[in-house]
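**Student:** Numbering-wise (numbering that gives the first Met the number 0), the sequence shown opens with residue 0 and increments by one.
Simulated from the structure, these hints should not be mistaken for lab results. Fair warning: this is a prediction, and the values are worked out from it, not measured in the lab. Even glycine gets a Cβ: it sits at the ideal position worked out from N, Cα and C.
Distance ranges between label pairs, derived from CB positions:
| no. | residue 1 | residue 2 | range |
| --- | --- | --- | --- |
| 1 | D181 | K17 | 27 to 37 Å |
| 2 | R38 | M189 | 11 to 21 Å |
| 3 | G202 | R113 | 42 to 52 Å |
| 4 | L214 | R96 | 38 to 48 Å |
| 5 | H14 | A116 | 43 to 53 Å |
| 6 | R158 | G30 | 21 to 31 Å |
| 7 | G28 | E54 | 18 to 28 Å |
| 8 | D194 | R113 | 40 to 50 Å |
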Amino acid sequence: MIRCSGLVKSYSAGHRRKIVLGGVDLEIGRGQKLGLLGRNGAGKTTLIKLIGGVELPNAGRIERKMTVSWPLGFGGGFQGSLTGYDNARFIARIYGRNYRDIQDFIEDFTELGRQLAMPVKTYSSGMRARLAFALSLAIEFDCYLIDEVIMVGDQNFQRKCHEEIFVKRADRALILASHSVDFIRQYCDMALLIDKGEASVKGDIDEAIALYSNL
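Could you put the whole structure together from the sequences, leaning on the hints where they help?
**Tutor:** Right, dumping it as structure tokens:
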């Protein structure tokens, strides 16, 4: 279970503070699929980063009683001077995994070939996303955080992402931010609608999409 209580996040905007999330209350259990709906800048990515521990809230608390991935495709934790292999080895140690157990998967999934032996700072954003995505899947989590990154790469890579996330890990919890209402309708069983800092959970996906369409 993941529970957000009174979650507040604001950023400095000149001489004032811009409130992005003004008190989010949210609970998601094992196997549940939550879609995040909101216009650009509404706070979807911010909420995913907060739940993933990439950023800290200004107020409120997050309880995590199941393992949570970093946002899929997020490469902010990579050390640029290290190779893809070295970054993978370092992350494997952090999560207590045997590096040899995940190396083959990373090589096959990323399709980066010799680039894995090159410093990550030489990677394009798409290559970094592939590596981060592969590591998220290789480590295994109870809940996966997805912020549109499922659409990165060519069609073959997108199919691989779909197979790994929505088929092989269909029993895991998902928190998915997407502008595609068809995507949300297909893969989620509830939605969080974010608008002007306010957020509300809707158990009826069609109702949530209708409200989102009228924002």
